[in-house]
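Asks: With chain A's structure known, arrange chain B on it following the hints.
Each chain, written out:
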Amino acid sequence: MTADEPMAKLPPAELIALTPDVFTAPFWDAARDHRLVVPRCTACGTYRFPPSAFCFRCQGQAVEWVEQSGRGVCFSYTVAWHPLLPEVHESVPYIPAVVELPDTGGVRLIANLVDVRPSEVRIGMDLELVWRDVHPDVTVATFRPAAR
Amino acid sequence: MGMQDAAAVVGVGATRYYKRGQSLPQTPLELAGKAMLAALADAGLTVADVDGLALYSMGLGGDTSLFAQVMGIPEVRFTATLTGGGGGSAGSVGLAAAAIHAGMATTVVSLMTLQQAASRFGTSYAPRGRPGAQYSAPPSPEKDFTSPSGLMGPGQMFAVLAMRHMHRYGTRREHFAEVAISTRANAIRRETSLMTVPLTLDDYFNARMIAEPLCLYDFCLECDGAVAVVTTSLERARDLRHPPVRIRASAHGGHGRWGQAITWMNMPDEYFASSGHRPVAERLWAMAGMTAADVDVALLYDHFSPMVILQLEDYGFCPIGEGGPFVAEGNIRHGTGSVPVNTHGGNLSEAYIIGMTHVKEAVEQLRGTAVNQVDGAEVALVTGGPASIPTSALLLTR
Chain A
1435 MTADEPMAKL
1445 PPAELIALTP
1455 DVFTAPFWDA
1465 ARDHRLVVPR
1475 CTACGTYRFP
1485 PSAFCFRCQG
1495 QAVEWVEQSG
1505 RGVCFSYTVA
1515 WHPLLPEVHE
1525 SVPYIPAVVE
1535 LPDTGGVRLI
1545 ANLVDVRPSE
1555 VRIGMDLELV
1565 WRDVHPDVTV
1575 ATFRPAAR
Chain B
806 MGMQDAAAVV
816 GVGATRYYKR
826 GQSLPQTPLE
836 LAGKAMLAAL
846 ADAGLTVADV
856 DGLALYSMGL
866 GGDTSLFAQV
876 MGIPEVRFTA
886 TLTGGGGGSA
896 GSVGLAAAAI
906 HAGMATTVVS
916 LMTLQQAASR
926 FGTSYAPRGR
936 PGAQYSAPPS
946 PEKDFTSPSG
956 LMGPGQMFAV
966 LAMRHMHRYG
976 TRREHFAEVA
986 ISTRANAIRR
996 ETSLMTVPLT
1006 LDDYFNARMI
1016 AEPLCLYDFC
1026 LECDGAVAVV
1036 TTSLERARDL
1046 RHPPVRIRAS
1056 AHGGHGRWGQ
1066 AITWMNMPDE
1076 YFASSGHRPV
1086 AERLWAMAGM
1096 TAADVDVALL
1106 YDHFSPMVIL
1116 QLEDYGFCPI
1126 GEGGPFVAEG
1136 NIRHGTGSVP
1146 VNTHGGNLSE
1156 AYIIGMTHVK
1166 EAVEQLRGTA
1176 VNQVDGAEVA
1186 LVTGGPASIP
1196 TSALLLTR
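For the protein sequence lines, the chains are A and B, in the order given. Under the numbering used here, the residues of the first sequence are numbered 1435 to 1582, in order. Under the numbering used here, the residues of the second sequence are numbered 806 to 1203, in order.
Here chain B stands alone, though its shape is the one from the complex:
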C-alpha cells in the first residue's frame, strides 16, 4: 500500500522575510528555531511532540545534532535530507510523509533557513569562492568544463535553457513577462511580500538585461528568512487546530541523464528545454490517481520566470512547447485563470526561501485562509526545482 493520505500537513510557520543580509544579527539556527516554533504553534503542538526532521539543501541553519540539542527535542527518531539543492523543497515534505507512513516517526518538521549575508546564490557557481562564501561550489574536474566560459550564476545557466525553448517552440519574452507581472500582482496584496509595487510590461522591457533572454524581473529575489512545515499522521492530524491538509502524493528524482543539468548542458535534446520534472510529474499523477486537470492552484518553483512555463508543460497543464501561449492567454492569473499560479507572489515577488513559501501557501489555500484565496480550492500542486536531480513535487488535498 502506498503512502497516499497516510500523513497530513498540520502546521506552517515562518519568520518575516528580509532582503539579503538584513536578518542579521539573528543567526541561521535562530531563524530556523523561530520558524519551527511558529509552525508548531500553528498546529497546536510543542517541541515535545517533534521526533523527526525531513530536510533538503542544508535547510536547518546547522546540523540536526545542534538543532535538537539547542531546541530541546526529546528524542530524534528520524533525520534525513534529500540530496541536491532547492529541487528538494516539496520533496522534503514527501520525505516526512514517507517516514510517518513507515512508522519511523510521528511528527516531522521540514524546514528551510536562508541567510545570504556572507554570500549570495546569484553567484553560487562563481569560479572563486568569496571569503566566507557558503554557496560557491568548490572547484571540481566537472566545473572545469563550465566555469571558464564565465557561467557563474544559476540565472545565466537557466537563460541557456530558456533560449533553447524560445528557439524550439517560439516562446517569447512577452511570455516570461506575463509570469513576472502576474506573480507581482499576487504579491502586492500581501503584507509579507518584499515587492509591493505593481509591475507593468513597460517596466519589464525597460529593465536591464542580466543574462539574455532574462532581464532583472525574470530573476527571483535574494532573501533571508525561514519557513517550517509540520507533518504528522492523518489520524493524529484530526485532533489538531486546523483541518488536516492531506499529502495525497509526493515524488522526487528525475532522469539520470538530466543529472547536474545546468552545469553540464549535455542533457538529451528531447528534454533539454524542459524543467526536468517530466518523470517526477508522471509518478506524482500515478500515485495520486489525478491529473493536472484536478489542480485548483499551482505553487511552482519560480527562481526564474521561464521555468514556470516549462513546468506548466511538464506537469501537463498544456502540451509541451505551448507554455508561452498558455500563460499569455491569462491562464495563471488569480481570480480569472484556469490554474492560478503562485498566489503568494512566489520566489519572484514575495520572498525566496528556496521554495518553502510555496508549501506554506498551498496549505493556506486548502485551509481557505490564503490572502489571495482561490475559491473552493481542494487540490494544490507544489514543486521544487528545476535544478539538478532531484526535482520534486507534492500534491496536497483538503
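Extracted from the complex, chain A is given alone in its bound form:
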C-alpha cells in the first residue's frame, strides 16, 4: 500500500436500476428490508443463485428463502482503475468482487468491496455485509473486511 492509495469507491447510483422478475423479486424485496436471503430447493435442499425457475440439480421449482448471516469470503475480484464510461470517472477505483456465502454449497454474490484499499484485498479474506441503499426502492449488498 502506498501512502496516497485511495480507498475503494462505488459505481454511481445513476447507473443502478433493477428489472426483477417473479423469481428474483423476493431477493430484492428482502434486500430493501436489509435481509440477505438465498433460495433453496424444497425438494432436494440445493441452493441456487441467482434465483431462477428451476433447481439445476433436481429441476424442482419450489423454494424456501433462507436468511444469511452476512458473512462471506472473497472468492475473487478485480479493481476497476480505468473508467469505461464517463459516468464512472469520479468512481474509480471500485472493486467488484465475487463473494462466497458460507453454508450454501458455494453460492456467490457479485458485490463491491468497501472500507478497504485495493492493495489490501486478498482472495480468501473474511468479509461482512454492508447494505447500500441506492435509491428509495433499490438496495444492494456490498462487503467490507470482517471485524476480528
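If you're looking for bench data, these hints aren't it; they were derived computationally from the structure. From a predicted model like this one, the values you see are computed outputs, not experimental measurements. Hints may contain errors.
Each computed DMTMM-like pair below joins lysine to aspartate or glutamate, with the alpha-carbon atoms no more than 25 Å apart [as the list claims (entries may be wrong)]:
hint, chain 1, residue 1, chain 2, residue 2
1, B, K839, A, D1560
2, B, K948, A, D1438
3, B, K948, A, E1554
4, B, K948, A, E1562
5, B, K948, A, E1439
6, B, K948, A, E1501
7, B, K948, A, E1448
In silico contact screen, one side only, chain A against chain B (beta carbon under 8 Å); selected entries [unchecked claim]:
hint, residue
8, I1450
9, D1455
10, T1458
11, A1514
12, V1522
13, P1530
14, T1538
15, R1542
16, I1544
17, V1548
18, V1574
To list a few chain B residues with every Cβ distance to chain A over 12 Å, as calculated [unchecked claim]:
hint, residue
19, P1003
20, A1133
21, G1142
Positions of the beta carbon are idealized from the N, C-alpha and C atoms, including for glycine.
Replies: Just chain B now, with coordinates in the frame of chain A:
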C-alpha cells in the same frame, strides 16, 4: 460415420482491418460482401457456387435474407447460426462441415463482420445502452446480480477469472506479459497488423491498469472489418485453386454449469479459473484421434492475454495450472517454441474480428503461405472463446 475429413476449407478472404469506427462510410453488409468475394476468389469460386451460410454472433452484418438478396446467391439451402457470441468462431466452420457432411449444402460460407462505430465491445455489458448501441445487452433479471457492481466490460469480468487463476496456481503478470509480447512480435512482421511497434516488458509494466490484474496490453484491439471462410466437400475441394485444408474435427458447447460464465460467476470452483474449453477439447481430440502433441501451430482466441494461458491448459499443451510457466519458458514463440501461438498477431495485436482471423491464419499456415510460417505445419488448432456457452474448436490438417 463422423464428419472427419468430409469437408475442407478452400477459401479465405478479408477486408483490411480498421481501428474502431474507421471503416465508415462502408456499411456492415458491404464489408461482409467484400470479405465473401475475396474468399470466393481465393478458392476459385463465385457467388453462383454458394448455397450455405454457417454463422455465429450476428456475423453477416445483417440477416441471411438481405445478404442473399443483395449478393445474388442463387439458392440458399442451409443457413444456421451457432448460439452465443464470439465463442462460436471456430465452431461456425465446424457447422459448415456438418452441413456438407449431412448433404444439406455443398459450398458454405462462414463470416464475421464487425463495425464498432456506434458502440463498442469494451462496454458491452454497460448498465445503460448508449444511443444506437448494438452490443450492450438489454437489462435482465440475471444482469441485476452483476451490473450494480460496476462490471460493465468483458475485460473486467475475465480479470476476475485471471485473478482466481493467479491465486490458485501462482500465475503472475509476467506470464500474461509473455503472451502479449510474443503475440506483438508476430504482428509487427505483418502488413495487415494494426499494432506495428515491438512491445517490451517495461512497456507492459508501465502501461495503465484497466481492471486488475489486466493492464492495457492484456486487452485485445477494438476493430472494424470482415473475414470470410469458404468450406466445401473434400471431393470438390481437390479441383480448386489451393490444396484443400481438411476439417479433421470440430466441437462446440461446454459444461451446462459454465453457462453464462463471466456474467454470473457461479461456475463450480473445479473449472472457475479455466477457459471453459475442457469438455470441448476432450471431444475435439476424440473426434480427431489426436492430442495436443500433434499440433504444429495453435490459433487461440485471445481477447485477453490470460485466456491464452488457460486454453493451453484446457487443451492439454501443459497440465492444469502450469500455463504460466509454460509460456514463460518460451513455448509459444514463433520460430523457437514447441507450439507457436497466434502467429498472425492475434486479437491482441493484428486485429480483433471476433476470432475469424485465427481461422484465416490456420489455413495459410497449412497451405505454407503464412507470413510467419511454421516450417512444415501439418496440424492447426483454432479456438473460439472463452465466452459463455458455446466455446468452440476446429482442428485443421493439410
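Asks: Check the structure against each numbered hint from earlier and tell me which ones fail, lowest number first.
Replies: Failing hints, ascending: 1, 2, 3, 5, 14 and 17.
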